[in-house]
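Construct the complete structure from the given sequences, taking the supplied hints into account.
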Amino acid sequence: MNPVRLIGRATLSMTRGIGAVALFTLRGLFRLRPFHMRGFAAQLVQIGWLSLPVVGLTALFTGAALALQIHSGGARFQASDVVPAIVAIGMVRELGPVLGGLMVAARVASSIAAEIGTMKVTEQIDALVTLSTDPMQWLVTPRLWAAMLTVPALVAVGDIIGIMGGWLVGTQSLGFNSAAYLSNSAAYLERWDVVSGLLKGAVFGLIVAVSGCWFGIHSGRGAAGVGRATKSAVVAAAVGILAANFILTGLFFE
Amino acid sequence: MIQVTGLRKSFGGKPVLAGVDLTVGQGESLCVIGQSGTGKSVLLKCILGLAVPDVGQILWQGRPLDRAARPDFLARFGMLFQGAALFDSLTVWQNVAFRLRQRMPDRKARAIAVEKLARVGLGPETADLMPAELSGGMAKRAGLARAIADDPSVIFFDEPTTGLDPIRARRINDLIRGIVTETGATAITITHDMDSVRAIGDRVALLQDGRIAWDGAVAAMDSAPPLAEFLGRTCDINAT
Chain C
5 MNPVRLIGRA TLSMTRGIGA VALFTLRGLF RLRPFHMRGF AAQLVQIGWL
55 SLPVVGLTAL FTGAALALQI HSGGARFQAS DVVPAIVAIG MVRELGPVLG
105 GLMVAARVAS SIAAEIGTMK VTEQIDALVT LSTDPMQWLV TPRLWAAMLT
155 VPALVAVGDI IGIMGGWLVG TQSLGFNSAA YLSNSAAYLE RWDVVSGLLK
205 GAVFGLIVAV SGCWFGIHSG RGAAGVGRAT KSAVVAAAVG ILAANFILTG
255 LFFE
Chain A
15 MIQVTGLRKS FGGKPVLAGV DLTVGQGESL CVIGQSGTGK SVLLKCILGL
65 AVPDVGQILW QGRPLDRAAR PDFLARFGML FQGAALFDSL TVWQNVAFRL
115 RQRMPDRKAR AIAVEKLARV GLGPETADLM PAELSGGMAK RAGLARAIAD
165 DPSVIFFDEP TTGLDPIRAR RINDLIRGIV TETGATAITI THDMDSVRAI
215 GDRVALLQDG RIAWDGAVAA MDSAPPLAEF LGRTCDINAT
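As given, the protein sequences belong to chains C and A, one line each in that order. Positions 5 to 258 (our numbering) are the ones given, in order, by the first sequence. Positions 15 to 254 (our numbering) are the ones given, in order, by the second sequence.
Any given hint could turn out to be false.
Restricting the straight-line Cα-Cα distance to at most 35 Å, the calculated cross-link-like pairs of lysine-lysine (DSBU-like) are [said to hold, decoys possible]: (1) C:Lys235 to A:Lys59; (2) A:Lys122 to A:Lys59; (3) A:Lys59 to A:Lys28; (4) A:Lys28 to C:Lys235.
Just so you know, the hints here were simulated from the structure itself, not pulled from any lab data. From a predicted model like this one, the values you see are computed outputs, not experimental measurements.
Encoded structure:
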């Protein structure tokens, strides 16, 4: 086949795909009436509360490892004292949102895609339509809003736990004074560092929920179809988070 | 009355429905039969609005069943899916009362759901079970209770006895016949189970090669050549 035609076809297909996902996201976000409050509350628990242990543990170990790395790296140019400030800034701006988002992607995008995909193959989505209920309103809208609201909250908790992980290592193994560590952490942290991290969390939450819902609703037939949808949702969410993080970091800090 | 005219639907260039014409009168029970893959479910999905036909018209009470008319239509029909399609995250009574809960308090909706469950032979103890705790036959009954929960004027049954043993299949057929007779609802049943056709149907239509190959009274089907051929095939399949 003509390579120009091949590139053109691929470009058109990609553009169509991006457009379809964008429309899907807008429809999911703004089909609010009637709002499925029970589903929304259930998703707050599923996405937010139940993701807390994995996000907390990830943040704790990341903060602790970061403190060790910065201490060891900083020692090369006599800058070991910057550990508290760098751990705080690194966690709040970058690692808290990104790792929190990736953990939620692994846990939630797969679960949403599997649940909605199974509903599709067992005709439950068709049943919703026949019961005069819009599947977007019932399944997608509550998940999108719940993810957008809970992931920033998870990021905030993860930031605090991550900083405390650094504090634990700093005070127990690197010889930092506890009060000095905490005051140094706070001293170099600006409000925008925190706000930008939370905004990233909201965007990452949206990416996770959109990936799960999109691949679930477009799941193929049978167990294999649901399996493929689950895998695609996690991969798309993870890549989407990393790409969005690059773009948002450029927008926020350049 | 539901009237289907010149309905065509293709998937990936392969025609599944190639000009279906069909009329179902008020209070009539029509069974659509045909071999697997002849487009019976596609026909049902087109009528329900779950699939968009390429060409053709569907009229309901003389009005085109377009986007504007569909909400009114959806509010007046019930559907029993092949696998019951109960919502996994809701209890049995919440499934049955799904539509009712959108316009009445839970207590009232639950009372109606329990009444409908009783109508299909399920006791009140099943109301708080989750669908995963039901057997295949019980799930079918719960699905049937959901289909009749809102006293519909049209009920669709998609392969109502698939996956059931002969005794349970006969019970489901009897239930469907009883409900259709007692409510006076129009019924459209997609099946390849000839026992269902005899138990449920007033009329039968054979879908073959994307068209209605034969359409007539259930009493006349044994002597209809195109149908006798189909019956012979099903008998052969059953024999193996």
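Hint-by-hint comparison with the structure:
With a C-alpha separation of about 29 Å, the suggested pair Lys235 of chain C and Lys59 of chain A falls inside the 35 Å cut-off, and the hint holds. For the given pair, Lys122 of chain A sits about 32 Å from Lys59 of chain A by alpha-carbon distance, which is consistent with the 35 Å threshold. A distance of roughly 17 Å separates the Cα atoms of Lys59 of chain A and Lys28 of chain A; the hinted pair therefore holds under the 35 Å criterion. Taking the CA atoms of Lys28 of chain A and Lys235 of chain C, the gap is about 30 Å. The hint holds against a cut of 35 Å.
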